[in-house]
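When you get a sec, could you build the whole thing from the sequences and use the hints?
Protein sequence lines, in the order shown, are assigned to chains F and X. Each residue of the first sequence is one higher than the last, beginning at 1 in full-length UniProt numbering. Each residue of the second sequence is one higher than the last, beginning at 1 in full-length UniProt numbering.
Among the clues, some could well be false.
As the list claims (entries may be wrong) - Simulated restraints, written as ranges between beta carbons of each label pair: (1) F:93 with X:82: 37 to 43 Å; (2) X:65 with F:85: 46 to 52 Å; (3) F:111 with X:100: 33 to 39 Å; (4) X:40 with F:181: 27 to 33 Å; (5) F:86 with X:30: 51 to 57 Å; (6) F:66 with X:128: 27 to 33 Å; (7) F:21 with X:115: 37 to 43 Å; (8) X:82 with F:81: 41 to 47 Å; (9) F:180 with X:148: 18 to 24 Å; (10) X:201 with F:82: 28 to 34 Å; (11) X:81 with F:132: 36 to 42 Å.
Claimed, not checked - Pulled a few chain F residues facing chain X out of the computed Cβ check, cut under 7 Å: (12) 114; (13) 118; (14) 121; (15) 139; (16) 152; (17) 156; (18) 159; (19) 167; (20) 173; (21) 180; (22) 195; (23) 197; (24) 199; (25) 200.
By construction, these hints were calculated from the structure, which means they are not laboratory data. Nothing here was measured: the structure is a model prediction, and the numbers come from that model. Don't be surprised by glycine CBs; every beta carbon is placed ideally from N, CA and C.
Listed below, chain by chain, are the residues.
2 protein chains.
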Amino acid sequence: MERTDIPAAPALKPGRGRRPADDVRRAALAAAAELLLAEGMPSVTFAKVAARAGISKMTLYKWWSSPGGLAFEAYFRVFEQTLAFPDTGDIRRDLTGQLHAFVDLVNRHGAVLAGIIGAAQSDPDLAEALSAQYVRKRRRLAVDRLARAQEAGQIRGDADLETIVDQLWGACYHRLLMPALPLDTEFADRLIANLFTGIAPRTRSA
Amino acid sequence: MERTDIPAAPALKPGRGRRPADDVRRAALAAAAELLLAEGMPSVTFAKVAARAGISKMTLYKWWSSPGGLAFEAYFRVFEQTLAFPDTGDIRRDLTGQLHAFVDLVNRHGAVLAGIIGAAQSDPDLAEALSAQYVRKRRRLAVDRLARAQEAGQIRGDADLETIVDQLWGACYHRLLMPALPLDTEFADRLIANLFTGIAPRTRSA
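Written out as structure tokens, the structure reads:
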């Protein structure tokens, strides 16, 4: 149980021969994600993940110092896969699709995310992991897509793109973390309508 | 220490006569707020608050079941007093002033607020208190001011006012709770600029 410094090419599992390390790692993350989304954070144990993925617990210890670290990585992997930023060439349509997917995912599995963000407020290590592995990555992907739209003339040249991230996804996190009103696809549509059209009356917007 | 069911008109403190209950309550909250903002949440004890406010600990036990409850109420009282929603008749100027005050307050004392919001994610009682005593109250005050601006023709009739709350203050909470970029008055100005003008190019906004 204390062996954390295992050589690079372990063959701990007898039987069907060595699987490439990337495959094993992917299988572990997939198994952890399935457990996490089906049964919640406490269900992610090294024993359960190892059994489900067909790998040894030793292999898990090699990569993750705790089941929490494995669950954390698995969770954000799911978010990344579900929340791609499409580029059909129409920014408003792409943002609508992406925000609908985001709202759906948060409604199904947002309690785990809210718990992680909540715990990060009093846990500097978790805050750093959340920032590096999730917050900053997601911001960068969003701003990249918004920048292409700005170059294509679909977003005003003087609009601040980082601020748009806070006014779309940040507004959703507000309803998740400080709940008062529904976080649904209608809300996502209103976020986009307010922000694209502007809330000033037309006669004043020139 | 166990007496929590004290009659309505206590005269527990000898000397300068009875102070009206409202005065005593206000003094307790003011003292708790001073301690909280100067020295942090753990400094708010019944003994310290009683000494600073010139009242008895018994009086505090009458109103608050724990120092945490007293600190919580005191904290949001400070926020309420600092974060009035002015009405000069110019919504954009009023929002700018209010958001600047909000950002300044959050930058000075936001760690306590972030801690409360964080803890609320795994504490249903705290979540309920936060929702009732802070989130819903603040939303209502903001929407009231925005509704007057809409009636005055300073906000489009089809703009969703509740959504504006998420896109201004909610966007600030996003930078507080999932930090990546500064939460400052320049950010507040960009929030307002994006939202009032709209981020769509002018030729498409008609």
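Outcome of the hint check:
1. F:93 with X:82: 37 to 43 Å: holds (42 Å)
2. X:65 with F:85: 46 to 52 Å: holds (48 Å)
3. F:111 with X:100: 33 to 39 Å: Since the Cβ atoms of residue 111 of chain F and residue 100 of chain X sit about 34 Å apart, the hinted range of 33 to 39 Å holds.
4. X:40 with F:181: 27 to 33 Å: Hint holds: Cβ distance 32 Å, inside 27 to 33 Å.
5. F:86 with X:30: 51 to 57 Å: For residue 86 of chain F and residue 30 of chain X the Cβ distance comes to about 54 Å; the hint holds.
6. F:66 with X:128: 27 to 33 Å: The hint (27 to 33 Å, Cβ to Cβ) holds, given that residue 66 of chain F and residue 128 of chain X are roughly 32 Å apart.
7. F:21 with X:115: 37 to 43 Å: holds (40 Å)
8. X:82 with F:81: 41 to 47 Å: holds (43 Å)
9. F:180 with X:148: 18 to 24 Å: Holds - the Cβ-Cβ distance for residue 180 of chain F and residue 148 of chain X, about 21 Å, lies within 18 to 24 Å.
10. X:201 with F:82: 28 to 34 Å: The hint (28 to 34 Å, Cβ to Cβ) holds, given that residue 201 of chain X and residue 82 of chain F are roughly 30 Å apart.
11. X:81 with F:132: 36 to 42 Å: holds (38 Å)
12. 114: holds (5 Å)
13. 118: holds (3 Å)
14. 121: Given a least distance of 3 Å, the restraint on residue 121 of chain F holds.
15. 139: Because about 6 Å separates residue 139 of chain F from the closest Cβ in chain X, which is inside the 7 Å limit, the hint holds.
16. 152: Residue 152 of chain F check fails; min Cβ-Cβ to chain X is 10 Å, beyond 7 Å.
17. 156: holds (5 Å)
18. 159: holds (4 Å)
19. 167: holds (5 Å)
20. 173: With a minimum Cβ separation of about 5 Å from chain X (threshold 7 Å), the hint on residue 173 of chain F holds.
21. 180: Hint holds; residue 180 of chain F Cβ to chain X Cβ min 5 Å, cut 7 Å.
22. 195: holds (6 Å)
23. 197: At about 5 Å, which falls below the 7 Å cut-off, the nearest Cβ of chain X leaves the hint on residue 197 of chain F intact, so it holds.
24. 199: holds (4 Å)
25. 200: Status holds, d = 4 Å.
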